Structure formats: C-alpha cells, structure tokens
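Whenever a hint applies, use it, and build me the whole structure from the sequences.
Protein chains in written order, with the working numbering: chain A, 1 to 260; chain B, 1 to 884.
Honestly, the hints are just simulated from the structure, not real lab data. Hints are not guaranteed to be accurate.
To be verified - The calculated lysine to any residue pairs, modelled on SDA-like cross-linking and capped at a C-alpha distance of 25 Å, are:
#, chain 1, residue 1, chain 2, residue 2
1, B, K313, A, P173
2, B, K313, A, D170
3, B, K313, A, T131
4, B, K483, A, G48
5, B, K313, A, L47
Please read all numbers here as calculations on a predicted model, not as lab measurements.
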Amino acid sequence: MTSRKPPTAPTPPASSVPGSQPACPGLPGSGRQLQIEARGLTRIYQLGVSEVVGIDNIDLQISNGELVVLKGNSGSGKSTLLALLAGLDQPTRGGLIVAGRNLNQATTRELTQYRRETVGVVFQSFNLLPTLTVLENVSLPALLAGRAFSTVTAKASELLAWLGLAPRLDHLPAQLSGGEMQRTAIARALINDPAIILADEPTGNLDSLNGRIVMELLGSVNRNLGTTIIIATHSDLADSIATTAIGLKDGAIIDSVCTS
Amino acid sequence: MHELAAFLHLWLWFGVRQLRIHLWRTLAVLVGIALGAAVFTSVRLAVEASLDSFTKSVDALSGKSDWTVLCPGGRVPEALLAGLVKHPAVQAASPLSTTYVQIGEETAEPFLLIGLDPILDRPLRTWQSASPVSPDSFSNPPSNPQPPSSAIRNPTLPWLELMTEPYTMIAGAQLYDAARLQDRSYVSLVHPHGTGTFRVLGRLAAEGLAMVEGGKIAVTDMATFQEFTGTHGTVDRIDLMLKPAAAADGLERLRAELPPGIVLEQPSDFKESGRLMVRSYQLNLSVLSFVSLFVGMFLIYSLISLHAISRRKELAILRSLGASSRLVFLLFLAEGAFFGILGWLLAIPLGSFMVRYLLGHVSSTISVLFVRVEVERLVLDPAEVLLSFLTTLLVSLLAAWQPAHEAMQVAPREALQAQDYPYRHGTSGKRLALFGFALIALVWPLSRLPGVDGVPVPGYVATFFLFTGFSLISPRVLQYIGKLLPPVLRHLAGEPAYLGGRHIRDAGTRIAISVGALITATALFVALVIMVHSFKKTVELWLTQTISGDLYLRPRLAAVNHYRDTLAPETVEIVKRFSEQADILPYRRIYLHYGTVPYQFELMDFEGFMKYAQFLFLDGDLQQLLPQLVEGRGVIVSEVFANQTGTGIGKHFQARIGNVRLDLPVVGIFRDYRSQGGAVYYSMQRFQDLSGDPSWSGVRFNFTDPQMTRDDAANLLRNELLQALGPLQYGVEVTLGRELRQMILRIFDETFAITTVLLLIALAVATLGITSTLTVLVLDRTRQFLTILACGGARGQVRLMILWEALIMVFTGEILGLACGFTLSYLLIFVINRQSFGWTFLYTVDWPALLLALPLILATAVLATLPSGQIVFRTPPARVLREW
Chain A
1 MTSRKPPTAP TPPASSVPGS QPACPGLPGS GRQLQIEARG LTRIYQLGVS EVVGIDNIDL
61 QISNGELVVL KGNSGSGKST LLALLAGLDQ PTRGGLIVAG RNLNQATTRE LTQYRRETVG
121 VVFQSFNLLP TLTVLENVSL PALLAGRAFS TVTAKASELL AWLGLAPRLD HLPAQLSGGE
181 MQRTAIARAL INDPAIILAD EPTGNLDSLN GRIVMELLGS VNRNLGTTII IATHSDLADS
241 IATTAIGLKD GAIIDSVCTS
Chain B
1 MHELAAFLHL WLWFGVRQLR IHLWRTLAVL VGIALGAAVF TSVRLAVEAS LDSFTKSVDA
61 LSGKSDWTVL CPGGRVPEAL LAGLVKHPAV QAASPLSTTY VQIGEETAEP FLLIGLDPIL
121 DRPLRTWQSA SPVSPDSFSN PPSNPQPPSS AIRNPTLPWL ELMTEPYTMI AGAQLYDAAR
181 LQDRSYVSLV HPHGTGTFRV LGRLAAEGLA MVEGGKIAVT DMATFQEFTG THGTVDRIDL
241 MLKPAAAADG LERLRAELPP GIVLEQPSDF KESGRLMVRS YQLNLSVLSF VSLFVGMFLI
301 YSLISLHAIS RRKELAILRS LGASSRLVFL LFLAEGAFFG ILGWLLAIPL GSFMVRYLLG
361 HVSSTISVLF VRVEVERLVL DPAEVLLSFL TTLLVSLLAA WQPAHEAMQV APREALQAQD
421 YPYRHGTSGK RLALFGFALI ALVWPLSRLP GVDGVPVPGY VATFFLFTGF SLISPRVLQY
481 IGKLLPPVLR HLAGEPAYLG GRHIRDAGTR IAISVGALIT ATALFVALVI MVHSFKKTVE
541 LWLTQTISGD LYLRPRLAAV NHYRDTLAPE TVEIVKRFSE QADILPYRRI YLHYGTVPYQ
601 FELMDFEGFM KYAQFLFLDG DLQQLLPQLV EGRGVIVSEV FANQTGTGIG KHFQARIGNV
661 RLDLPVVGIF RDYRSQGGAV YYSMQRFQDL SGDPSWSGVR FNFTDPQMTR DDAANLLRNE
721 LLQALGPLQY GVEVTLGREL RQMILRIFDE TFAITTVLLL IALAVATLGI TSTLTVLVLD
781 RTRQFLTILA CGGARGQVRL MILWEALIMV FTGEILGLAC GFTLSYLLIF VINRQSFGWT
841 FLYTVDWPAL LLALPLILAT AVLATLPSGQ IVFRTPPARV LREW
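This is how it looks when you write it as structure tokens:
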C-alpha cells in the first residue's frame, strides 16, 4: 500500500452551514441550546458475580456546536460515556437527554432510529465492513435510514471528495492506509447529517501525522457544519480544537475546562 | 418496493459477497442441499409416476362403469349378462376378462390380453383402432381355420373384425412397437391353457383402453378369449353403467338378485386398495429420502451459525450504524433462503439424472410387491415440483432461523471493542441436553401408539424425536468428553491431543451442529444395516423352513395372473404318476380382499407340509394345532394379514369364496414374506369337500430320501416331468426349489437397492457437512493456531491438534449415532414396518458390516481435516496477528 500525501485543511462542501464561534456551556448569555444533558448518569456492568462501575453519577451539559474532549486513562469511563451518548448502551440509572431524546427511556427501536439520525460514530479501529468498498461503507448508514440509493451514493461521493478520497471510492478497506480508513469512517459518520459526532480514540491506531489530520478534519466539521463533536482520547492532538475539555477518572468527572 | 430494493442491496453487500469470498464452503453447502432436494424430489416423482400409471390403468379399464359384478375367488357366469342388460336400473352392461400372456418364447415380457364384447363394450370404454384395416389378402396360418369368404370388412370399423374373425387382436402402441408387430401379421401367444396364433388387425388409438398398462395390452373378442383361455361360459367380471335415474333401491334390488357368491363392487375400490398398498411404500421412501434433506439442513445451520459468530464484530458495526435487529435477522434468514432456492435449482439437473435410475427400480419394486405398473414416462406433476421447492425452502429457512436469531442478539455496543473476538464459548448445553433427554424418553410411549389409517405417524414422530433428542444431547456429551478426555490424552498422546480435547469442551454448540448431522446419518446407516440384515436373515429362514420344497410346478404366468388359472386335469393326472419318486403336495391359491386389504387364501395339506417344512409362528404351534387345521376347524393367518385386518388369534376369519361361506377361528399367526398382501391357510381337503372343486393351483415336490443330492434329483425329476407332460409343458413352469429361493432373495436385494442408494447419499451429505464444518472451524481459529506458533509450537503439533479434534468429534458422533441407530432399528422393525406393511423380522445385527463401516466413516471425516491444516499456514502469521 503506497502512502499518499494526506490532504490539508479541506474546504467544507457547499451544503455546510456556517456557525458562530462555539461558547462554553453554562455561560449566561451564550445563547446556545443544550444538546446533551446528563444527570446522575451511572453505568454498572455485571461480570459474573462481580460488578464493574463504568461511570458513576456523572452530571454533564454540552451545548449545540461544542467540540468536547473527554480525557482520561484506560478504564476512566470515556468509552462507557461515549457508548451511552451513542445509544449503543443504556444507563443503569440517571437521566440522559440528547438532542431532545430521553435515551434511558428509549425503546430498542427508538435507539436504532437515534443512531441513524442523530449521531455519527468514529471508532478507534475504524470498523469499516471489510467486504464493502469505500463508497459503500460511507453509504451504508443512509441506506439503513431508508434513503434512495442514487441520492445516497451521490452525497457519499461528494463527502469522500471533500475528504480527499475520490480516487479510492471502489477500494476495499484492506487496500487503504490507516489515515484513509479513518477519513472514510468520518465520511460515514457524516452521511446522515447528524447533530452529534462521537469519536472514540479516533487517532489511536494512526501515526502522528495522520492523527493530526484527522483532528483537524473533526475541527473543520465542528467549525463549518456546527456539528457537536465529542472526542474521547488520551492524546493531546485534540487540545487545539476543543472548546471544552472534560477529565475523567475512575468513572467520574474530575474537571471540566472551557478552552475556547 | 423501495424497502425491498434497499434490503436486496444490503444483502448483496453483506451476504452474497461473504459467500463469494468463501466460495468452497458455500459450494459444499449448496451441493449438500442440492443432493438432498434431488433425492427427495426424484423419489417422489418416481413413485408418483408409478401411482399415476396404476391409476390411469385402472381408470381406463373401468371406463365409465359405475359398478362391477364379481365372483371373489372365481369367475362370473356369462349367463348373468342377459338379465343384467335388461335390468331396469342398468343402462349398459359389458363383460370383461383379462389375462397375462406371452408372445412366443418363455422369456418374453408378459402383456395383458383383454377379452370383451366389442358391441356391448362401446358405451363403457373408449378404444379404437388407429388405422383402418384394408380387406387385402393375407397368409393363412397353418392351424387357424380359413376366414369366412363373406366376412364383413369395414375399413371404418375395424373392431368389428374382432367379432367376425376369431383369433384376431388389436394391440396397444407400446406392445405393437416393442414386439415389432405389423398389421395383418400373425403372432403366437402362450397361455397356461395353451398356445394360439392371433392375427394382428392393427394398433389401438392412443386413448381410453390403450392407456392401460402403458399400452402393453391387446384387445380381442370375448369368444376368442374364452376359447383361448379355456374359460367358456364365464367372465372375470361384468361392468355396469347405471341409468342416471337409478335410485338406491334399484341398486339394492340388483344386488339382491345376484346369485350367491356374486357381489357388486365399485371399480374405485380396487383402485383405492392398490393406492393404499403403494402409499406406505411411498411414505417410507419419502421419509427416507427426506433424511438427506434433513442432514443438509444441518449443513446450512452449521455454516450460517459460523458466519453469525465469525462476523460478530461486523454485526455490531451494522447495529451501531442504525441497522435494526430485525434487519440483521432478515439478512441471515435471506442467506438460508438463498441456499434453499439455489440448492433446489441445482437439484434440477441432479434430480433429472437420479429419477431416470430410480424410475425403473421403483416401478419394478411396486410391480413385484404391490400392484403391476407400467411406467412409460415421467409425469412432472406441478404439485410435486412445488412441494419439493417449498420443502427445500422451508427446511433451509428453519435451519437459518436459530443462527439468525442469535445474530440479531448482537449488541451494538460490541462495536466499541477494539479487538475482534469471533470465537465465543458455546452455551453450556445443559438445558438442551435436558430437552434432548425428554424427547428421547418420549420415543418409547410414542412407539406404543397405533398408526393412523395404516400410516405409522407416531412412529415417524418418534423417529424425529430420536434424531433431534440425540442431536440436542451432543453438546453436553462433547463437554463431558472434553472434560474427561484431555488429561488422559495428554498422557497418551501429548499436548496437541490435550489442546484438541480442550477445544471440544469449549466449543459447545458450534461443533455440536455438525456432530448432530453425523449422528443422524450414522444412526440411519446403523438402523438400515440392522433392518435390512434382519429382514434378509428372517426371509432366508422363512425360505429354508417354509419354502423348502425341492421342486415347484405351477401354471405358466401364475404369479402375474394371480393364480387365476389352475392346473389342467390332464396335467394333474400326469403329476400324480410321480408320487413314488417324491411326496406331492398340491396347493390352491386364491387372491381375495378382506375389506380393502388384499390377501391370498391358500389351501394345503397340513400333515404333508409338516413332514418337510414348518411355519415360523409368532403365536401358536403347528403340532398342537394340527388336528384342528386338518379337520378344517380353524385357519392360520400371516402376521401381515393379522396386523392389516386386525384379525388375530381369538377373532374369526369370515369370507365367501365362490359358493363356500367360511366363518372360522384364527388359531395361529405365522411370519410370511410373500409380496402383494397377507395369507390365510386352510385345509385343502376340507375346502374341496365344501366346494366340490378339486382344482390345484400348483404342486410342491419333496424328496423323501434325506440323503439324496437334492439338486441333481430335482433336475432329473423336472426333466422327467416335462417329458411326461409333452405339449402340456408349455402351459406350466417347473422351478427348482433352490432357484425359487434364489429368485426371492434377488427380488429382496433389488427392493432394498433403492434404500441403500438413499442411505449412501445421506452419508455423503453428512460427510460433506463434517468436512466443510471442520474446515471452517479450523480457519476461523487461524489466529489461535498462529499464536501457538508464535509461542513456540510446531506446525506438526498444530496439525495434530486439529486431527485430535476431528477424531474426537467424529468418534462422539459415531458413538451417539450407534446408540441412536440401535434404537431407531427397533422403531423401524417393530413399529414403522409393522404399521406400514404388517410385518416384523427377527432382530439380528450385522456386526461385520458395522465394524467395517464405522472406522471407514471415521477415516473419511478425519481425512477431511488435511486440507484445512494446509490452508491455515498459508497466511503469514505476522499479518494475522496484528490488531488491524
């Protein structure tokens, strides 16, 4: 696999909505709508006879358009919190409202719809389907949402072009570099115009150069599309683009800093 | 529509591509399903073709007749016809007689000669000469009289010549072509009563009567028929067409006016009786052929289950992207449907090939065992084709159901896990085992239940429970073996054997599925080997003890003509002259029906019989019963008769045979394996006293000197007999006892040839399943095996590990299959066979065959692991072991 020169800061596609500078949550007069609100959020896992606390009694408020970095070591609860926000899991107790949906009371069907329409997820290990091409991987969430094939593939092509992957549309994941795979994953996360993008260690499997490019991309999406982005990472690459940094340790928030 | 298109898109991406990537395992499953579907379809089509042929024959022969006048065990006096024709309730009446004859030499295939009144028959049956006969000159045969010079010859009504010209016939198309007949040619026909030269007037048009027995028939005038067969003044039956306005009381009046011994029956009774006889055979073959499809179901289950497990991460990703669990379920169900539909399509060419082989065997078996059929061509019944398609599809969907259900349970949260863990520990199997034992426990009470209308429904249900129960307990058994065996294996064979055994314990239901397939196939193999061996040994015993005559003489074509013709008095007189050379035991055999159940009423000299033979009694002892039987105060019945009619010991046998009415207690039940129904034995002397009919159906000779070399003596006696009979010899068959017994055993072997083929196909499908599953199981654990290499293991050790796993799996399957098979053999012999056909056998096990076959199955399955061992090491370990 030859390495290609990664794209520099991309120009957003024509459909982007320019937004104002994000503001820290809770600041009076910020005028921002609350996107995510968690109260006493707890997730406990039952493993055989023992219990493992993923997160414990977390209160969280994230406004529309923020780019939040969740920081913490392994086992701090970052992935657990992300899983709950992504609708991949449900809390043991506490309240969680995301984009107006009460996730802990949601049915399985409602969670499925939520995952389709409201969030886009970027995984550490990319999680591209190995038998699908780049274009097909990106189109998949939109097809699952019931959109017409021709419309979806057109939009997917546009997104991929924006991300510098136009020559790779028919390639399988095994034919891509790590950076290309993650950009494909980002395009997939964007295809349904989600309100929120959740990225779990998006640079964990990338070299520093590609990692920086991915972070810049996410920053660009946040700035230009106004998409709320939450990145779980223990890398410093996201510091420069974050509006808020939240520290986690042993399942609890230890600090929350407005960095914008 | 849009949703369907979207689903198909997804399925093509997610499902079809995966199948294409793993092409060999996909093909293995497709071939397995195709084989199963082909077998199931071709067996049913073959039997349906025979049934169709039989039904068409009976319908064509019955024509438009509503009722038939018959004399059970005898012939109808022709004098009745005049009264019937004039009867107020009767619109038309026509006499009919039939017999099988041969053209020329003894080895020629017999065909049906139909005698009728060409004028009276017109309203009832359709038949017509295909070509008009021109009034040209013809050569005179040496023995026939000169044709009348003023004979009516009407080219448009050639059938009239049947009446005006004696010894003429019109042949069906099949006979005409097969015997290379020509219009106006002469042909010599042979009948027990003698030979006759017939002139062929033409061929029958392809309609009505010409459809009987596939056209292997000929029609002649009744007077010619009676003269040729020596049945002057009698006919087989008189068919009636009633007036539309004939009321029920008109029918009853008609019935009451018939003389004693003459009955009125509906033509459909014979058809139904014949169909019922074949139905059990059809059902048994269908069930047997379904086993191949059932085993194929395991293949689908196994493969889709493996896909669901190995692609767990992909499923989680799909779910995390917004796919509903229902969609995931449907994707996997669609995979099952794909195998079913494509497998069925592949079955079409396979089935076309198979049915050609099966058609001949099935129709010949049915003809020998039940009713005579002549299948000219296959009938592609749309209902059968649809049944085959739907059964294959349903089986495939059922097989995919559970894996699809498991796949839909994958939590979207698993998408967040960094590593792919396709390999999961199997379920404990405890609940499955309990359910399995419960099913097995139900087998015995089910086997005690009676059949439903002669169909052993509880027996089949018990069989299904047995297969399913043993398959369900296999995970638990594998777990126990996996717990107990590895430490022992470590001592005996080292660490690879230990690891192989450990995997057996941990793999749970993943490997249990293919073990289930092997259990099913092995059980069927064991059960059929035991059943066929038991049947054969019992038949051999029956032959040596009951069919123990040294020489047999009977009318020519006696069997195919159902012993309608008795030995000519002249023949009997000549036979009696040989009473010093051998003991002569005459018998009389009459084919009758008990309700709808056909049977043979046989008259014999019990005392004479007992000197040289014995019955294999299930209930009763001939020595004790002898006085009663000799005096005609009771009958003994065959097991088949007792089971099919419910007339056993303690019940009364009632029958009207000619002018003799019998009402006798049943005093014994014996084993009998003749074809075409059960048997009832009565004293010949007593019956002759009652009926005044001294006729013989045949004679059995037994040499009195036990030291004599029987074959030589029998041959000598046969030659002397034939010489003494002179021209009468052409009306009889003289068979050595040894030849008769060999012929019966040959029929037996041919009958079970189909069963053997079906069994081998089921075994092939199971082996295919084991092979593909073993391969997939190995490939899916490539990372594990390569990790072992990375930790210092050798390739040979990894291969040994795979080999030990295969050995343990197949060995477990065979042991459980043996246990299941022995149980199944009891079900087959004492339940299914008894309720289907009425007979049981002496249970004997063919240990040499089992001891030889089981290691072969083991070796075959183990050989299947060799290619997978090679494929594992093809991928560079470093590439596989990296996280992504």
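To see whether the hints hold, each was checked on the structure:
no.	hint	result
1	B:K313 <-> A:P173	15 Å, holds
2	B:K313 <-> A:D170	22 Å, holds
3	B:K313 <-> A:T131	13 Å, holds
4	B:K483 <-> A:G48	22 Å, holds
5	B:K313 <-> A:L47	20 Å, holds
Consistency with the previously given hints is maintained throughout, with no hint failing.
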